[in-house]
Amino acid sequence: MNSYFKNEENLAMKLHYDILKDDFSRAGEASSKIKNMLRQLAIDANILRRIAIATYEAEINLVIHSMGGTIEVFIKPECVEIYIEDQGPGIENVELAMTKGYSTATNVAREMGFGAGMGLPNMEKVSDEFVIESTLNVGTNIKMVVNY
Amino acid sequence: MQVKTLIENHGFSHLSGNDLDREISNVYSCDLLSWVMAKGKHDTAWITVQTHNNILAVASLLEFACIIIPENISVEQEIIDKANEQGVVMLSTQLEVFEIFKILYEAGIK
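Protein chains in written order, with full-length UniProt numbering: chain A, 1 to 148; chain B, 1 to 110.
Hints are not guaranteed to be accurate.
What the hints assert, rightly or not - In silico lysine-lysine, DSSO-like type, Cα no more than 27 Å apart, as pairs:
id, chain 1, residue 1, chain 2, residue 2
1, B, K41, A, K100
2, A, K33, A, K125
3, A, K6, A, K33
4, A, K21, B, K4
5, B, K41, A, K33
What the hints contain is simulated information worked out from the structure, not anything from laboratory work.
Work out the full structure: start from the sequences and follow the hints.
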């Protein structure tokens, strides 16, 4: 697997969103803004849908699991790169976290329909390139690339 | 089938959104949001018992035709207002999921 690296080469536009921990009432807003922005750039509907899934799942993960974090979207001539960074708590076992159906979500989150254990697998599935690096008690970085 | 047919011919209540001429091409029922994100197709009528505002993000990101809330589950005004802001069509009905499936199946959605 490639290592996490923010590649600013050929960058046409950069979007940045701060996501707060436990902010259920606004969860999904950043993904909607990203989708609307990309739609204005006349990006293909199928690509848009993949990016929407990637950013939405990442946003929900930041809300229900992290201490807060950021979503950055790099728009490039050939692809869109999505960078997710949080301030912890880090994932103890990344391989387990990537397993469909495995979740550490709280009961409150599960009652709302989150915590299906599909977030990370969905993100990987829609990405042409997927990188996840996590250090316990430090944080998690994810890079997703969707080619046009 | 157009969304408005459910309101006009089958007694569904119109909660929010304006695009009632929208054609329904697919039907899906699930209450796990990541599952819906993975499986939902465009122009879907999505049946769910979840009524919090995150269902609006899912429906809008995936460009669903409408959300259908079954079994007379009530939806808070705050959510209806947000759905209107985001242009998400929400319907409600006293019918159970299977009854809703039957209506849509008989209308030719297969």
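Verification of the supplied hints:
1. K41/B - K100/A: Status holds; Cα separation ~20 Å.
2. K33/A - K125/A: 22 Å, holds
3. K6/A - K33/A: OK: K6/A and K33/A at ~22 Å, within 27 Å.
4. K21/A - K4/B: 39 Å, violated
5. K41/B - K33/A: 20 Å, holds
Hint violations for this structure: number 4 only, all remaining hints satisfied.
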